[in-house]
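Let the hints inform the model, and build the full structure from the sequences given.
The lines below spell out each chain.
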Amino acid sequence: MFETFELLTLQQYWWFILALLGGLFVFMMFVQGGQTLLNTLAKNEAEKNIIIASLGRKWELGFTTLVMFGGTLFAAFPLLYAVSFGGAYYVWMAILFCFILQAVSYEYRKKPNNFLGQKTYETFLYINGSIGIILIGIALATFYTGANFIKNDMNLSAWTNHTYGLEAVLNPFNVAFGMTIFFLSRVQANLYFINNLDVSNIVQKARKQLKTDALLFLGFFLLVAVMLLFMSGVAYDESGFKVLEHKFFWNLIETPVLLVGLLAGVLLILYALYITLFRDSSKGVWFSGVGTVLTVLVLLSLLGFNQTAIYPSLGDLGSSLTIENSSGSHYTLTVMSYVSLMVPLVLGYIYLVWKSMDKEKITSKEIESDHHHY
Amino acid sequence: MEEHLVDWSRAQFALTALYHWLFVPLTLGLSFIIAIMETIYVKTGNVIWKEITKFWMTLFAINFAIGLATGIIMEFEFGTNWSNYSWIVGDIFGAPLAIEGIMAFFMESTFFAIMFFGWDKVSKKMHLLSTWLVAIGSNLSALWILVANGWMQHPVGMVFNPDTARFEMENFFDVLFNPNAYTKFLHTIGSGYVMGSLFVVGISAWYLLKNKDVVKAKKSIVVAATFGLITSLFLILSGDESAHEVALNQPTKLAAMEGLYNGHDRAGIVAIGQLNHEKEIGDDKPAFLWDFEIPYALSFLGYHNTDAFVSGINDIVYGNEAQGILSAKHKIEQGQVAIAALKAYKKAKKSGDEMKAAQELQRFRAHEKYFGYGYLKDEKEVIPPVALTFYSFHLMVGLGSWFLILFFFILYFAMVNKLDGKKMLLRLAVFSIPLGYIAGETGWIVAEVGRQPWAIQDMLPVGIATSQISTAAVQTTFWLFAIVFTGLLIAEIRIMTTQIKNGMEGH
Numbered sequence: 292m293f294e295t296f297e298l299l300t301l302q303q304y305w306w307f308i309l310a311l312l313g314g315l316f317v318f319m320m321f322v323q324g325g326q327t328l329l330n331t332l333a334k335n336e337a338e339k340n341i342i343i344a345s346l347g348r349k350w351e352l353g354f355t356t357l358v359m360f361g362g363t364l365f366a367a368f369p370l371l372y373a374v375s376f377g378g379a380y381y382v383w384m385a386i387l388f389c390f391i392l393q394a395v396s397y398e399y400r401k402k403p404n405n406f407l408g409q410k411t412y413e414t415f416l417y418i419n420g421s422i423g424i425i426l427i428g429i430a431l432a433t434f435y436t437g438a439n440f441i442k443n444d445m446n447l448s449a450w451t452n453h454t455y456g457l458e459a460v461l462n463p464f465n466v467a468f469g470m471t472i473f474f475l476s477r478v479q480a481n482l483y484f485i486n487n488l489d490v491s492n493i494v495q496k497a498r499k500q501l502k503t504d505a506l507l508f509l510g511f512f513l514l515v516a517v518m519l520l521f522m523s524g525v526a527y528d529e530s531g532f533k534v535l536e537h538k539f540f541w542n543l544i545e546t547p548v549l550l551v552g553l554l555a556g557v558l559l560i561l562y563a564l565y566i567t568l569f570r571d572s573s574k575g576v577w578f579s580g581v582g583t584v585l586t587v588l589v590l591l592s593l594l595g596f597n598q599t600a601i602y603p604s605l606g607d608l609g610s611s612l613t614i615e616n617s618s619g620s621h622y623t624l625t626v627m628s629y630v631s632l633m634v635p636l637v638l639g640y641i642y643l644v645w646k647s648m649d650k651e652k653i654t655s656k657e658i659e660s661d662h663h664h665y
Numbered sequence: 003m004e005e006h007l008v009d010w011s012r013a014q015f016a017l018t019a020l021y022h023w024l025f026v027p028l029t030l031g032l033s034f035i036i037a038i039m040e041t042i043y044v045k046t047g048n049v050i051w052k053e054i055t056k057f058w059m060t061l062f063a064i065n066f067a068i069g070l071a072t073g074i075i076m077e078f079e080f081g082t083n084w085s086n087y088s089w090i091v092g093d094i095f096g097a098p099l100a101i102e103g104i105m106a107f108f109m110e111s112t113f114f115a116i117m118f119f120g121w122d123k124v125s126k127k128m129h130l131l132s133t134w135l136v137a138i139g140s141n142l143s144a145l146w147i148l149v150a151n152g153w154m155q156h157p158v159g160m161v162f163n164p165d166t167a168r169f170e171m172e173n174f175f176d177v178l179f180n181p182n183a184y185t186k187f188l189h190t191i192g193s194g195y196v197m198g199s200l201f202v203v204g205i206s207a208w209y210l211l212k213n214k215d216v217v218k219a220k221k222s223i224v225v226a227a228t229f230g231l232i233t234s235l236f237l238i239l240s241g242d243e244s245a246h247e248v249a250l251n252q253p254t255k256l257a258a259m260e261g262l263y264n265g266h267d268r269a270g271i272v273a274i275g276q277l278n279h280e281k282e283i284g285d286d287k288p289a290f291l292w293d294f295e296i297p298y299a300l301s302f303l304g305y306h307n308t309d310a311f312v313s314g315i316n317d318i319v320y321g322n323e324a325q326g327i328l329s330a331k332h333k334i335e336q337g338q339v340a341i342a343a344l345k346a347y348k349k350a351k352k353s354g355d356e357m358k359a360a361q362e363l364q365r366f367r368a369h370e371k372y373f374g375y376g377y378l379k380d381e382k383e384v385i386p387p388v389a390l391t392f393y394s395f396h397l398m399v400g401l402g403s404w405f406l407i408l409f410f411f412i413l414y415f416a417m418v419n420k421l422d423g424k425k426m427l428l429r430l431a432v433f434s435i436p437l438g439y440i441a442g443e444t445g446w447i448v449a450e451v452g453r454q455p456w457a458i459q460d461m462l463p464v465g466i467a468t469s470q471i472s473t474a475a476v477q478t479t480f481w482l483f484a485i486v487f488t489g490l491l492i493a494e495i496r497i498m499t500t501q502i503k504n505g506m507e508g509h
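Chains as they are written, first to last, in the working numbering: chain H, 292 to 665; chain L, 3 to 509.
Treat the hints as calculated values from the structure; they're not laboratory data.
It should be emphasised that the depicted structure is a prediction, and the values quoted were computed from it without experimental measurement.
Don't be surprised by glycine CBs; every beta carbon is placed ideally from N, CA and C.
There could be a bad hint or two in this list.
Said to hold, decoys possible - Restraint ranges, calculated between C-beta atoms of paired labels, are given here:
hint: 1; chain 1: H; residue 1: P635; chain 2: L; residue 2: P181; range: 32 to 40 angstroms
hint: 2; chain 1: H; residue 1: L513; chain 2: L; residue 2: D176; range: 47 to 55 angstroms
hint: 3; chain 1: H; residue 1: N462; chain 2: L; residue 2: A16; range: 31 to 39 angstroms
hint: 4; chain 1: H; residue 1: E659; chain 2: L; residue 2: A16; range: 43 to 51 angstroms
This is the structure in structure tokens:
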């Protein structure tokens, strides 16, 4: 089936899958958002334990989604993987350090004789949830704003400065993008706690905290949306690359399905906030979850379709990357496409496991009697 | 490219891989031992087995967490530190990593939640299934990463595309069923099973020495020693097959593993020996100060023929006409022609000179086989560090043999119920836990140091595979990794030993 597809079709299919994985990863960032709310929502040690237990049953899936995102990028768009990771070295390394800290903190936090002490592991979780997430947002934003790399005839790349990606934090759009994702993760976390916990004090505080985080998220999101629509982007055709004004605005207009998807995603997030804040619902996380996946899917799709560069070069426009010049071969994308047919199966068992684990809300009693508590 | 960049990039990768490899084998082995223990619980309904299972699960989780922490680096380090590599072979190498994510990581992380938090939320059988799926997921992960690694050791199923300047996959099934990948996979998971068994047997032996949790310790020993004995045998057999693959596809690595300088027929294996450190490639000095050799064994184990010729380091560097072995110098010259032809091809294509491009492409294809050699500056560069490879290999083999003996006696005395009185044997079992880690790490050294200077055997030397970043950047992250991983390792050991000292009660 897939072998009959044009190379461009396979490249678009894989950019879509990557964008979907990106959306799922941003949804899973509610775990990181929750980590930054630990001291805000919990009034005592017992409540902290409940929050950690609630997040601790989900953190690995987010971690796995990040690894999956990296693996897919490597396999489907190896040049993008090579140029970005090999050049924006400090940024990606800083992100990885933040995730190393997360991986041990849940398990080690409360264990006796844990060398660094409980507070240190809680600080690790905060660092992962704040710096880690903001930096991921900044790194993703450079796909729109560009990066300082050049590549030669052999497709081998080099960075044009010695700050290796750190310069991205000086771009207002990149920072605003990072802050948007950070506050979105906190919004999602509040919604998740409201849905997952049967502990009135935490739930009440989460509802209150949601107002602040939602306002900040909406403010940054609006800023990002306006900047994105007015921003120039890099387009390409047979003659080469050129900078086009309002490139992403026109991408939306010329691809109505993306415009509809974006509006639907944003409306779902707003609806989730509305029913939680004004209708006392606890189901908001599901609407905002779907909305988040849809919104991120569209935002990343804006890069990969309509003859747009997915990684503009600020050092040499001709070195810019597109889905066409950075992808795997037709054969490899075909093989990978067959493997991708397993994705519904994976999503299916994840859904069933979550359903069986979350069929009842977490209570204080359950955490106290739990053998393997974090 | 800056001076020492390659060395620091290699050092960082080695550091992260060696740390990661401290935790993965235990995950591979202990996950199956726990699954077996839980199966006994579900079959018999005896709650003591549930308590035993839960105790080992606690230790499993402590180890699993730090394995994840070190593992995430490995995947992204191909991009951060080996970006040229990522482009040149990413079309082949990236696919197994992505498949690993879809098939293994999600299975592991999803069912991990049930394994640890689902005791009272799902049925006994569903819980047992989840425990088995975590074990299978861990091992599937090893399969895919070793398919990728096996391809690096013995590249198959691809073709070089001069237009994109990279290798591209031509046959997925050649990559998937690469014999090198399977022998490495079986040998690697075998080492993990043995490590898991040593861990359970060693800690249980410590309980017996302390007269603590005696019943649970004895039951744990029976399961783990049985598993360990079977898998030790499997480890030796898969090791033999792995060495056979090395002989066929990586003769330089085999020569370094055995410290063999001058190849000959009916070659023997050096069972034990001390290398002569004054020995240089091409001189007449003896390779060993002293050694004990088993005649014919290397020819037999390497080629399954006692008369077979085994090439030595000097044959590989200087060639051996009688055996049809080309010298490294000749290969380097051929490689340089291929590189020049590729550059000329690209230039001709750019200028639209199709006739010239066709000629240069033909010249490239004629010399393509030794393309990677063209990047080497000296013929002696083709030889990996001999002493490190030799001693690591012999230590690994010696320890592997000891584990078989240990499991046999532990199991025998456990079955005749005389283990309590065998204090020395129990102490040896405790002492063998760190030996298991040493055996695992030396195995990694043999596999990875033994194939230097190649990132992809005979095709891509490490020197051109690195990212073009500053040495200072890599040095910075190297020391950060060293500090963070060492700190986390200390934390892991302290938590683990405290849990063990607290005993099996309450689980």
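Hints, verified against the model:
| no. | hint | verdict |
| --- | --- | --- |
| 1 | H:P635 <-> L:P181: 32 to 40 angstroms | 33 angstroms, holds |
| 2 | H:L513 <-> L:D176: 47 to 55 angstroms | 53 angstroms, holds |
| 3 | H:N462 <-> L:A16: 31 to 39 angstroms | 36 angstroms, holds |
| 4 | H:E659 <-> L:A16: 43 to 51 angstroms | 45 angstroms, holds |
Violated hints: none; the structure is consistent with every hint.
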